[in-house]
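S.K.: The chain contents come next:
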Amino acid sequence: QVQLVQSGAEVKKPGASVKVSCKASGYTFTTYYMHWVRQAPGQGLEWMGKINPSGGSTTYAQKFLDRVTMTRDTSTSTVYMELSSLRSEDTAVYYCAREHIVSGGYLDYWGQGTLVTVSS
Amino acid sequence: DIQMTQSPSSLSAPVGDRVTITCRASQSISSFLNWYQQKPGKAPNLLIYGASSLQSGVPSRFSGSGSGTDFTLTISSLQPEDFATYYCQQGYFTPWTFGQGTKVEIK
Chain L
1 QVQLVQSGAE VKKPGASVKV SCKASGYTFT TYYMHWVRQA PGQGLEWMGK INPSGGSTTY
61 AQKFLDRVTM TRDTSTSTVY MELSSLRSED TAVYYCAREH IVSGGYLDYW GQGTLVTVSS
Chain V
1 DIQMTQSPSS LSAPVGDRVT ITCRASQSIS SFLNWYQQKP GKAPNLLIYG ASSLQSGVPS
61 RFSGSGSGTD FTLTISSLQP EDFATYYCQQ GYFTPWTFGQ GTKVEIK
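Chains as they are written, first to last, in the working numbering: chain L, 1 to 120; chain V, 1 to 107.
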């Protein structure tokens, strides 16, 4: 069965960086983009970007262009999302979710979410 | 960026009612419109993709319609497990964008 398992909760100070992992299983890793979506407490969903695990190419939302880096390790079927220069407004649950590379346009499986708290 | 506007922002309805949520895109997105259900403390769950295709395992009381800029999610007979927040999302233009959500509560 398809599973996306994310790393655990993090507490960071303003200005620090955080790296969240998402380990995929139950499907062919390189046939699905992996997206990252975040949700601040009590708020809606915000798309951050995606990575193609096959070649590693990325597309980021303009808002995060200078602070986010998405990478992947095909040997372990894991993708990573690193967000730098953290501020209090980055406190949120971060989700990974997959999209089929050919027939996509939607996110059919999601990770369980990783809470990142930014506080001094 | 494409703006996705849902209405209403919240609604209250009894079990068994027919419920309709609308989503409007700021420009045409063809049929690249998806609906998700989210319960507190959980990840979103895909209900409808491509405006009207029911995701595997989702009950048939959920349906979607529309194309271009105007879309609808309908729950034909609201069940206790359907009380949640619903989001629309466009996957036609980058960046992908979501509606602000519609919270469905028990009346």
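These are computed hints drawn from the structure, not numbers from a lab.
By construction, the Cβ of each residue, glycine as well, lies at the ideal position given by its N, Cα and C atoms.
Certain hints may be false.
Straight-line Cα separation of at most 30 Å, DSSO-like style, residue types lysine-lysine; simulated pairs [said to hold, decoys possible]:
1) K63/L with K42/V
2) K13/L with K63/L
3) K39/V with K12/L
4) K23/L with K42/V
5) K103/V with K63/L
6) K39/V with K103/V
7) K39/V with K19/L
8) K39/V with K63/L
9) K42/V with K19/L
10) K63/L with K19/L
11) K23/L with K39/V
Away from chain V, derived, C-beta distances all over 10 Å, residues of chain L [unchecked claim]:
12) E10
13) K12
14) A16
15) H35
16) T59
17) Q62
18) R67
19) D73
20) S84
21) S85
22) S119
S.K.: Indicate, hint by hint, whether the structure satisfies it.
M.R.: Do the hints match the structure? See the list:
1. K63/L with K42/V: Given that 30 Å is the threshold and the Cα spacing comes to 25 Å, the pair holds.
2. K13/L with K63/L: The hint holds at about 21 Å.
3. K39/V with K12/L: holds, 27 Å
4. K23/L with K42/V: holds, 18 Å
5. K103/V with K63/L: holds, 27 Å
6. K39/V with K103/V: holds, 10 Å
7. K39/V with K19/L: holds, 26 Å
8. K39/V with K63/L: holds, 27 Å
9. K42/V with K19/L: holds, 21 Å
10. K63/L with K19/L: holds, 18 Å
11. K23/L with K39/V: Status holds; Cα separation ~23 Å.
12. E10: E10/L is indeed farther than 10 Å from all Cβ atoms of chain V, at 17 Å.
13. K12: holds, 22 Å
14. A16: Per Cβ check, A16/L is outside 10 Å of chain V; nearest 25 Å; holds.
15. H35: violated, 8 Å
16. T59: violated, 6 Å
17. Q62: violated, 7 Å
18. R67: Check passes; 15 Å lies beyond 10 Å.
19. D73: Since the minimum Cβ distance to chain V is about 22 Å, D73/L lies beyond 10 Å and the statement holds.
20. S84: Given a closest Cβ separation of 19 Å, the condition holds.
21. S85: Non-interface label on S85/L holds, nearest chain V Cβ at 20 Å vs cutoff 10 Å.
22. S119: holds, 20 Å
Of the numbered hints given earlier, the model fails hints 15, 16, 17; all others are met.
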